[in-house]
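Asks: Sequence:
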Amino acid sequence: MTETGVNRDPVRGSGRLVLVRHGETEGNVAKLLDTRVPGLPLTERGVAQAKSFAARLAVPPVRLYSSVALRAQQTASQIESVTGVAAEVADGVYEVQVGELEGQNSDAAHREFQRVYRSWHLGELHTRLPGGESGEEVLERYLPVLEQLRDSYLLPGSESRDVLLVSHGAAMRLAARELTGVAPPFTTNNHLDNTETIELAPTAGGGWTCVRWGRYTPPFGYKVEPKADDPMG
Numbered sequence: 001m002t003e004t005g006v007n008r009d010p011v012r013g014s015g016r017l018v019l020v021r022h023g024e025t026e027g028n029v030a031k032l033l034d035t036r037v038p039g040l041p042l043t044e045r046g047v048a049q050a051k052s053f054a055a056r057l058a059v060p061p062v063r064l065y066s067s068v069a070l071r072a073q074q075t076a077s078q079i080e081s082v083t084g085v086a087a088e089v090a091d092g093v094y095e096v097q098v099g100e101l102e103g104q105n106s107d108a109a110h111r112e113f114q115r116v117y118r119s120w121h122l123g124e125l126h127t128r129l130p131g132g133e134s135g136e137e138v139l140e141r142y143l144p145v146l147e148q149l150r151d152s153y154l155l156p157g158s159e160s161r162d163v164l165l166v167s168h169g170a171a172m173r174l175a176a177r178e179l180t181g182v183a184p185p186f187t188t189n190n191h192l193d194n195t196e197t198i199e200l201a202p203t204a205g206g207g208w209t210c211v212r213w214g215r216y217t218p219p220f221g222y223k224v225e226p227k228a229d230d231p232m233g
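The sequence shown begins at 1 in full-length UniProt numbering and counts up by one.
If you are wondering where the hints come from, they were derived from the structure by calculation, not from laboratory data. Treat the hints with caution; some may be incorrect.
Said to hold, decoys possible - Calculated cross-link-like contacts (lysine-lysine; reagent style DSBU-like; alpha-carbon spacing at most 35 Å):
no. : residue 1 : residue 2
1   : 51        : 223
2   : 223       : 31
3   : 31        : 51
What the hints assert, rightly or not - Distance ranges between label pairs, derived from CB positions:
no. : residue 1 : residue 2 : range
4   : 183       : 115       : 13 to 21 Å
5   : 100       : 9         : 38 to 46 Å
6   : 184       : 57        : 17 to 25 Å
7   : 124       : 57        : 32 to 40 Å
8   : 224       : 144       : 40 to 48 Å
9   : 92        : 156       : 21 to 29 Å
10  : 143       : 204       : 28 to 36 Å
11  : 77        : 122       : 33 to 41 Å
12  : 204       : 30        : 26 to 34 Å
13  : 81        : 122       : 38 to 46 Å
14  : 127       : 81        : 38 to 46 Å
Here the structure is a predicted model, which means the values were calculated and not measured. A virtual CB, placed ideally from N, CA and C, is assigned to each residue, including glycine.
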């Protein structure tokens with residue numbers, strides 16, 4: 001995990017990388033562990049959430065990306081329709097792959113997912129979901145995409161506009177924990193609702209600082225009770 005105590009001051013003159021959780025799907029409603037690509041589409045409510053998110057943006061992003069998952073692409077498409085910014089697909093930023101737990105919604109399946117997922121946030125990234133990914137594998141595919149976006153669009157003196165990446169709650173939280181040092185139990189207990197964001201600002205020396213996590217802003221010492229609903233958030 002990223003060490004605490006490093007320079008966390010945002011670089012002036014740069015935009016933010018805004019990780020956006022996709023809109024609602026039937027899988028979210030049914031509390032399914034739905035991670036396999038392409039996955040389920042948005043509900044009507046999910047489409048409305050995406051449009052509402054886009055309408056609240058003060059300034060259109062400089063670039064708009066999504067994961068390859070159908071729900072993420074559909075969310076980005078609705079943001080494109082409001083902002084006029086063309087949506088593109090980024091490889092490697094799909095949801096944590098849960099393997100043998102795929103499609104399940106039982107309490108036992110949720111407990112097993114949370115057990116492994118929480119262990120990643122405590123530094124046990126080698127632990128693997130049954131038939132699925134380890135935390136190391138998730139970060140190995142996910143983090144390089146964020147660094148590429150930083151190097152391409154978020155350098156000092158750039159347009160100072162944000163880059164939006166529509167992605168997935170569990171993967172987003174793990175990546176933000178790794179990059180910024182925001183620690184559990186905040187990172188494990190604070191699930192993200194559909195279309196909530198984690199916002200990362202570049203810092204000097206190639207690092208990141210978290211400037212928003214869902215409804216919260218720094219410092220992230222809030223006591224958040226664990227939530228049993230929508231485990232992928």
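Asks: Would you mind marking each hint as holding or not holding in the structure?
Replies: Consistency of the hints with the structure:
For the hint linking residue 51 to residue 223, the alpha-carbon distance of about 31 Å falls within 35 Å, and the restraint holds. With a C-alpha separation of about 24 Å, the suggested pair residue 223 and residue 31 falls inside the 35 Å cut-off, and the hint holds. In summary, the hint linking residue 31 to residue 51 is supported, as the alpha carbons are separated by about 23 Å, within the 35 Å threshold. Between residue 183 and residue 115 the CB atoms are about 18 Å apart, so this pair conforms to the stated range of 13 to 21 Å.
In this structure, residue 100 and residue 9 meet the distance hint of 38 to 46 Å, their C-beta atoms being roughly 44 Å apart. Checked against the hint of 17 to 25 Å, the C-beta distance between residue 184 and residue 57 comes to roughly 30 Å, which is inconsistent with it. For the pair residue 124 and residue 57, the beta carbons lie near 37 Å from each other, so the given range of 32 to 40 Å is met. Checking the proposed 40 to 48 Å range against residue 224 and residue 144 shows it is violated: the Cβ atoms sit about 29 Å from each other.
The supplied range of 21 to 29 Å is met by residue 92 and residue 156, whose beta-carbon atoms lie about 26 Å from each other. Between residue 143 and residue 204 the CB atoms are about 19 Å apart, so this pair departs from the stated range of 28 to 36 Å. Distance hint check for residue 77 and residue 122: the Cβ-Cβ separation is about 37 Å, which falls inside the suggested range of 33 to 41 Å. For the pair residue 204 and residue 30, the beta carbons lie near 45 Å from each other, so the given range of 26 to 34 Å is not met.
In this structure the hint that residue 81 and residue 122 lie 38 to 46 Å apart at CB holds, the actual value being about 41 Å. Range check, residue 127 to residue 81: Cβ separation about 40 Å, and the 38 to 46 Å hint holds.
Hint violations for this structure: numbers 6, 8, 10 and 12, all remaining hints satisfied.
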